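Knowing the structure of chain A, use the given hints to seat chain B on it.
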Amino acid sequence: MTIRVADNWRLRGQRYRLEGERCGHCGEMIFPPRDICPECKKPAKTPHPLSGRGEVYTYSTVHTAPEGFQAYAPYTVALVKLEEGPMVTAQLTDVAPSEVEIGMPVEMVTRRIRTEGDEGTVTYGYKFRPVRFGQIPMRK
Amino acid sequence: MRDVAIIGTGQIPVGEHWDIGIRHMMLEAGLAAMRDANIESVGAVYVGNMLSGEIAGQAHLGALAVDFMGLDNTEAFKVEAACASGSAALRVGYMAVGSGLLDLVLVLGVEKMTDTSGRETTAALAAAADAEYEVSQGISFVALNALLMQRYMYEYGWQREDFANFAVTAHANGANNPNAMFQRPISAQTYLRAPMVASPVGLMDASPVCDGAAAVVLAPAEYARTLNLAPVRIKASAVGMAPLAVHDRADPLALSAARTSSAKAYDQAGIEPGDLDFFELHDAFTIMAALSLETAGFAERGKGVQLALDGEIGLQGSVPIATMGGLKARGHPVGATGLYQVVEAVTQLRGLAGANQIPDAHLAMTQNIGGSGATIITHILEAMG
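So the sequence lines, in the order shown, correspond to chains A and B. Count along the first sequence from 1, then add 5; that gives the number in this note's numbering. Count along the second sequence from 1, then add 3; that gives the number in this note's numbering.
Chain A extracted, bound-state conformation (with noise of 0.2 Å):
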């Protein structure tokens, strides 16, 4: 399954800069938009930039890596749970497999996904690193 250029670049809000939706009738924060809300149902179609600030809910890393990411392979992948609610997919980046632990705080940075698929492009987006004690965060 090739990563497509005008799918990239449709996504581009997410993939930088973790732009969700507010839901401006329950509250709700919403990743990725979707324009309905999950919850209530109704129309929701706030822009609402995440902190990127979440922790890791669970993880695995994959061995047998697919199409397009066998080069990386060993890597982390996590379901984190951010703060402000919606749950992501991402890997991890920055730490070695055996560090990482269920509950363990991580922040976005925007890091290079892969690169020459079918169509030759690099891909960048999200990916989630451990929370030192020094390090400058990427977002306030």
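For the record, the hints were derived by calculation from the structure and aren't laboratory data. Be aware that a few hints might be false.
Said to hold, decoys possible - Far from chain A by the CB rule (all over 10 Å, computed), these chain B residues: (1) Glu83; (2) Leu105; (3) Asp118; (4) Ala175; (5) Asn179; (6) Pro181; (7) Ala224; (8) Arg262; (9) Glu275.
Said to hold, decoys possible - Here are some chain B residues pointing at chain A (derived, C-beta under 10 Å): (10) Gly121; (11) Glu123; (12) Asp133; (13) Ser139; (14) Gly141; (15) Ala146; (16) Ala149; (17) Leu151; (18) Val204; (19) Tyr226; (20) Thr229; (21) Pro246; (22) Ala248; (23) His250; (24) Asp251.
Note that the coordinates shown come from a computational prediction; the quantities given were computed from them, not determined experimentally. Glycine is no exception: its CB is placed at the ideal position from the N, C-alpha and C atoms.
The following block gives chain B in isolation, referenced to the frame of chain A:
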């Protein structure tokens, strides 16, 4: 709605079929089912399949099936719900006959996965997940199930070795099924020594890539008595849905679509979980087997693994699963799996399961999971005395 019965079944062995393509697989399974039902024509053919377009460049399987089978001008189209495609096609057939619209329907499930390299097949399978927000992150389908298994182990304190019996039981049963891909028992040691694919999922936690085709013929229950000596009634057909991406579910381990689907099925059939003689669940991954047992009411949340540890899932146990090998040992040719589950359940209910026969098998449940649990389709089947 009138009662619907299964009056014929057919299958080809699950395996790597280098010598036959999709159209021949559909032909063999479909004709076998029609012969078993003793009929020569049907009102419609519904085909469950997920990957033919991506892997073989062949979509439009309904048209291909009836053309190749010589069923002129017979309505036919493909039904797709990822790995639940087979059950979805069955449901469409059930609705067509139950509503009175059609009298005889052939439901076919077919999947060819071994013509392409493992990598290409895996990439095609990933389409069952969320392309934009899961697959794009380097998540394989195995990794999604691994994320669930890891959290489950964290929340309930289980270790990898506690899951071994799901694989061991499946293989023990598959050994007596001539249509199974793997007909060799395995030990718990084999399970534990298996290499990691995506931690904590190892090779023995996951069902194999394979080819297969299976089919059933549906008819109104009143006809079934006159047409066939061993019909099986469909007592329930129910669908549960959940958000496509695991991360969009409020409580991923709740496998809410399974709970909804099972509950609706029990309600339709007017039965309790304990009334079932066996449960053909969707053991694509050992974690899915554990969660399916919980959501179907056989164990409390987090305790599904205990049933495996206590031996309750074997043929002599209180809730036999994978009685002919399940997805793990019989195989998981994705779009066909739902039909294999039903064909095997009917074999049991007809008393034709040989060494794996559940004594006095009368009532069964089959459950087919699409993707990581976004579409879950359950059927309850009853032997017509």
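Q: Classify the hint on Leu151/B as holds or violated, based on whether any CB of chain A lies nearer than 10 Å to its CB.
A: Holds: closest Cβ of chain A sits about 7 Å from Leu151/B, inside 10 Å.
Q.
Over 10 Å from every CB of chain A: does Asp118/B meet that, or does the non-interface label fail?
A. holds (16 Å)
Q) Against chain A, with CB atoms and a cut of 10 Å, does the hint on Gly121/B hold up? A) Holds, about 8 Å.
Q. Given Asp133/B as an interface hint, is the shortest Cβ-Cβ distance to chain A below 10 Å?
A. holds (8 Å)
Q: Taking the shortest Cβ-to-Cβ distance between Leu105/B and chain A, state whether it exceeds 10 Å.
A: Holds, since 36 Å exceeds 10 Å.
(Q) Beyond 10 Å on every Cβ pair: is that true for Glu275/B relative to chain A? (A) Non-interface label stands for Glu275/B: nearest chain A Cβ at 33 Å, farther than 10 Å.
Q. Holds or violated: is there a CB of chain A closer than 10 Å to the CB of Pro246/B?
A. holds (7 Å)
Q: Answer holds if the nearest beta-carbon of chain A is closer than 10 Å to that of Tyr226/B; otherwise answer violated.
A: Violated. Min distance 44 Å.
(Q) Just to be careful: measuring from the Cβ of Ala146/B to every Cβ in chain A, is the smallest value less than 10 Å? (A) OK, holds: Ala146/B within 10 Å of chain A, min 5 Å.
Q. Is the Cβ of Glu83/B more than 10 Å away from each Cβ in chain A?
A. holds (16 Å)
Q. In terms of Cβ atoms, is chain A entirely out of 10 Å range of Arg262/B?
A. Non-interface label stands for Arg262/B: nearest chain A Cβ at 19 Å, farther than 10 Å.
(Q) Take the shortest C-beta to C-beta distance between Val204/B and chain A; is it under 10 Å? (A) Constraint on Val204/B satisfied, holds at 7 Å.
When held up to the earlier numbered hints, the structure conflicts with 19, 20 and fits the remainder.
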